[in-house]
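Participant: Line by line, the protein sequences give chains W and H.
When we follow this note's numbering, the leftmost residue of the first sequence carries the number 1, and every step to the right adds one.
When we follow this note's numbering, the leftmost residue of the second sequence carries the number 1, and every step to the right adds one.
FYI, nobody ran anything at the bench for these hints, they're computed from the structure.
This structure is a prediction, so every number in the text was calculated from the model and none was measured.
Some hints here could point you the wrong way.
Mimicking EDC-like on lysine to aspartate or glutamate, the simulated pairs with C-alpha atoms at most 20 Å apart in a straight line are [claimed, not checked]:
#, chain 1, residue 1, chain 2, residue 2
1, H, 116, H, 68
2, H, 116, H, 45
3, W, 24, H, 58
4, H, 174, H, 219
5, W, 24, H, 196
6, H, 106, H, 284
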Amino acid sequence: MSDLVKNIIRFVVFILVQVYILHKVPPLHRFIVPYLYYLFILWLPFNTNRTWLMVIAFIFGLTLDYFLVTPGLHAAACVLIAYIRPFMVNLLIRQEGAEQSYGSPSIHSMGFAPYSIFVVVLTFLHHGYLVFLEWLQFGNFWYFLGKVGATTAVSLLLILITELLFYRKERYRTNAA
Amino acid sequence: MRNIFLFIRRYFNFLFFLALQVLALSFLFRYNKFHEAAFMGVASEITGRVNNRYNTIEYYFKLKKTNEALVKENVELRTLLRSNYLQSDTMHLVAVDSIRVDSLIKYQKYTYLEAKVVGGFITTQTNFFTIHRGTDQGVNVDMAVISPQGVVGRVVNSSANFSTVMTMLSRQFKVDAKLKNSGERGIISWDGVSPDFIQMRNIPKNIKIAKGDSVLTSELSSIFPANIMVGTVDSVFNDPSTNFFTLRLRSSTNFSTVQFVYVVQNKQIEEQRKLESATQKINE
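For reference, chain H alone in the conformation it holds in the complex (with noise of 0.2 Å):
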């Protein structure tokens, strides 16, 4: 027993040492996906604040590029669509013929939140913004996260007036996208490379693609609406060792400049999990 302690006190330096190492790596990978990390909800508030005070000083350089954004959107809502309101019966005819939130407002899939985007990288392997908006607004993790160009990020982690955004601009982001003219399907993700580009997967080899072609959210992806602009295409990479193209896309939002986006919550979504959970326990 003694020896014990004799070792311990002898080599104390390097046992502490292999301690905080075995913490430090626990904290990175027993959490790997980022989602529940150690004390990230206490630690978000407070870099969250940090950052928003850096925010209001990097804000008044960028204002210029954001009020383009902005009025670029608003004449893009004025040709307003009802594509936001999904009626469950369509054998049940609602008869107007323009949109009336109050008699629509059960039928209603998709809310908007508004949020300032007060912190971000673009230059590390897995970036996150910051958003001044947290579970007191409404905000919850899996909500989707989008900017008046186009698809930004998924939240990955909430704590009272602050959230933390996964952008498209991160290893583990994927969504499901489509091409507009002809709708075929393939996977968004990123390889890492350069922030200007992302990649888009599992094109069969006979669509024909143009460079400029737009790259649209699926219907597939649950937790995005539809037909968000996520891109356009830049290059076509051609693998002769599959039957599939892989596009590099240019993203339509500018990551560096963002200031303002929107969390968009699925109401349905609920049903939609419960629903699909069911149907693969059936197949298991």
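In isolation and in its complexed conformation, chain W is listed as follows (with noise of 0.2 Å):
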């Protein structure tokens, strides 16, 4: 399958989990959103233009935006990470030229460490922003904390249930392929 088409699909997949399945579960507390979208972002490949992944990120996170009736606020986060992405991979690759050698980030092409860092830090980020775009309309500054917190908690078990679920294997790219 081409890449092309199986973002494609990834960004149906994602789009349908978060506003059919993960908006649908019962409030547990009004801190804890369950949050997991914005993989599809992190999952991009690694020689995608930046300039095309802030683009991609925009769409992606208003056609969730139309969907939760929150025009807007998705997008603003989805666009923040989209662009601090490169910088991260940046720091974190293992080796050098991995980006060229690997298709996407993942525990395979990146490293266990590396990678979990680069989760953890997108996605304190994304929920950070979304929160506090949250926060300028109206809550106090321990509502800020606890929900970035208990949010970001909560994402970051979903990311390794996915991860673990759906072992995404690298190929190794040489040039005769």
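Hints are included, so try docking the two chains, each in its own frame, into the full complex.
Facilitator: Have a look at this one:
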């Protein structure tokens, strides 16, 4: 399957899972909102142009926004992590030229520790910005801290489960291929 | 000039990032009441269709509860009331002992449209429903939405076949309500904590309140008909710094199971609004 088709399917699946499964779960606590959809942006290929990365993130976030009737909220957070992502990849990549050898970020291509740092930092940024925008409209500072913490914890758990369930084998790309 | 182009080229990614952020934030804040949000009309037509597909499955699992609610409502309607009809002139007596719709239709204040709920959330801080009725069927912005059990919300956006309803579980939603026993009025709002409970403010401290008292919509709420159930009193908070109680109500509508709602149109609202805005102009 080509990268384009694979990512289009992922786009649709992530939106549907987020809207019709994770947002339909009865609320456990007001701090806990299970977010998983932004993993789509984390899984985009290494060789995506930075400008395109932001455009895709914007469209992706806005699609979710139209389903949840919050125009702009998730789009802003998605664009932020799409902008930060290339810096993180450059900092954390294991060896010289790994971004040419492998398709996209995963445990296999980056190594467990760098990949977890990559996920944790971007998750934290995403939720921090998302809750910050919400907090500007209401709430106090403890609300902000509590919600960022709890939501990040739940998201990391969900990402861990997703990574274990859908183990992505990254083929080592050679010039011959 | 050349330097400007070089600058833009060098920092293109950062500038592009800022541009997208500004665009997203302007969507969010410029239309902060969610009413005329960007492309919302087109988008809700599309998301409405997807929601509709999903709802065909969800609906099956909620049939039992939906049935129970509708049967209960039918029983209530059997003991029918004349309160949907308001005579504008009380001196002019119409001598009928039951409601004859043909002769009284010009006095009818509220008309009802049924609508199917096809999408909705109760897990966010501003919860919306999507209903399968739009401007083609006569649903417009600012109409009231009620369920068989009680108040649901207000229409904030409508496309040709779908409408978005801001539910009572939304921080921007406010409605005027009264206690059934004493008639004391207060404002209903939601604090965003739990989807089971809503708040009622501005109840004077000399009023006796018991747990389980009913709260209904008041006559002052222009879009909702009077005496629609809002909820029952769950607990009373006594804030010593004010002269008012804050009540915590258990909402009568179960937002996670509601499948059918009624959209209520107030036929006399234009006249009322015109008068009120004219009065405000005089006072300014």
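Participant: If a hint holds in the structure, say so; if it does not, say that too.
Facilitator: Outcome of the hint check:
no.: 1; hint: H/116 <-> H/68; verdict: holds (16 Å)
no.: 2; hint: H/116 <-> H/45; verdict: holds (15 Å)
no.: 3; hint: W/24 <-> H/58; verdict: holds (11 Å)
no.: 4; hint: H/174 <-> H/219; verdict: holds (15 Å)
no.: 5; hint: W/24 <-> H/196; verdict: holds (15 Å)
no.: 6; hint: H/106 <-> H/284; verdict: violated (34 Å)
When the structure is compared with the earlier hints, a violation turns up for hint 6 alone.
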